[in-house]
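Asks: Chain by chain, the residues:
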Amino acid sequence: MHPIEMFFSEHHPLSQFVKADFSGSEAGHTKAFLVAAGAFAEADGVTVHTGFSTYMLDTLMGGAVMGILQKVQPIATVGLAISHMRRPNRGEPIHGSASCKGVYKDLAYVTGEFRSEADEILAIASGTFMIGTRATSIRNKTEDSRI
Amino acid sequence: MSPDPASEFSPFEEWLSVEKTLDPYVFQLSFEEHHLGNPVIRSIHGGVVGALIEYVAKAGLNFRLQQMDRQADVDLTSTSLEYLRVTKDAPVYAKCEIIRVARRIGFVDVWCWQDSEELMVTRGVCTLRISDH
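Protein chains in written order, with the working numbering: chain A, 23 to 169; chain B, 3 to 135.
What the hints contain is simulated information worked out from the structure, not anything from laboratory work. Treat the hints with caution; some may be incorrect.
[Said to hold, decoys possible] With the Cβ distance kept under 7 Å, some of the chain B side facing chain A (calculated, not the full set): (1) Ser12; (2) Pro13; (3) Trp17; (4) Glu21; (5) Glu35; (6) Ser80.
Cβ atoms here follow ideal geometry from the backbone N, Cα and C, with glycine treated the same way.
With the sequences and hints as input, model every part of the structure.
Replies: Listed below in structure tokens is the structure:
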């Protein structure tokens with residue numbers, strides 16, 4: 023089982039709102055089939071907010087980083103850049119993919135994208151993730167940096 | 003989850019649990035359990051804060067356009083986010099600054115904090131398309 027499937031289990035808060043199938047994910051490459059969740063719908067009731075793609079691509083790209091780790095370690099998003107070509111419609115099927123391109127000095131570099139059923143690009147993203155953060159449940163949450 | 007048809011908020015606003023403040027360019031996200039990224043360390047998912055930044059950029063630019071008497075639709079086209087500090091399971095505040103409103107594009111900076119505005123947790127630079135009616 024790929025780490026993103028374990029991370030995104032029924033226990034994860036996000037799974038209440040988004041059902042995703044990560045079949046085909048291997049090592050530093052993650053795939054997801056999901057639908058644009060109604061919980062993210064805009065006031066028009068037709069489209070979902072761009073925040074949906076931002077949230078899910080961050081998750082999918084983080085999963086690609088988890089897939090290359092030799093041991094379980096916390097990771098944290100350091101930077102994320104996303105271009106939104108089109109907001110998905112509510113309930114629209116989406117194919118997502120992400121690839122960890124490399125790790126240099128504890129920073130993982132990742133790309134990701136969302137496509138429609140017709141293979142139209144919906145959103146593209148690139149991001150950096152810190153591997154092995156200091157975040158623990160007993161840290162000083164005010165001043166401590168996870169970077 | 004079914005949206006409440008009587009609600010003044012969109013399903014996304016309810017999920018994000020975001021509200022206006024007295025300052026039209028400042029918004030508050032009330033922490034909800036479903037905002038957690040890692041339930042063990044109880045930090046807010048980076049994607050949730052990213053979604054908040056995109057929401058605030060759009061809402062802030064819409065407000066500015068109203069002030070300018072421009073009837074227009076606004077669509078977010080790109081966002082660049084920097085995660086500066088770890089978040090905790092507490093409210094997040096987000097403030098935006100409209101950098102420039104051009105004919106077809108708007109540029110908005112957004113920054114988020116929890117304990118104090120001087121201790122930013124995340125900042126974002128957003129570009130939005132403006133389509134006049």
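Asks: For the hint on Ser80/B, does the least C-beta distance to chain A fall short of 7 Å?
Replies: holds (4 Å)
Asks: Would the hint on Glu21/B be counted as holding, given a Cβ-Cβ threshold of 7 Å to chain A?
Replies: Because about 15 Å separates Glu21/B from the closest Cβ in chain A, which is outside the 7 Å limit, the hint is violated.
Asks: Mind checking the CB of Pro13/B against every CB in chain A and telling me if the closest is under 7 Å?
Replies: holds (4 Å)
Asks: Quick check on Trp17/B please, does its C-beta sit within 7 Å of some C-beta on chain A?
Replies: holds (4 Å)
Asks: Restraint: Glu35/B near chain A, CB-CB cut 7 Å. Satisfied or not?
Replies: It holds, given that the least Cβ distance between Glu35/B and chain A is near 6 Å, below 7 Å.
Asks: Holds or violated: is there a CB of chain A closer than 7 Å to the CB of Ser12/B?
Replies: holds (4 Å)
The structure shown violates just one earlier hint, number 4.
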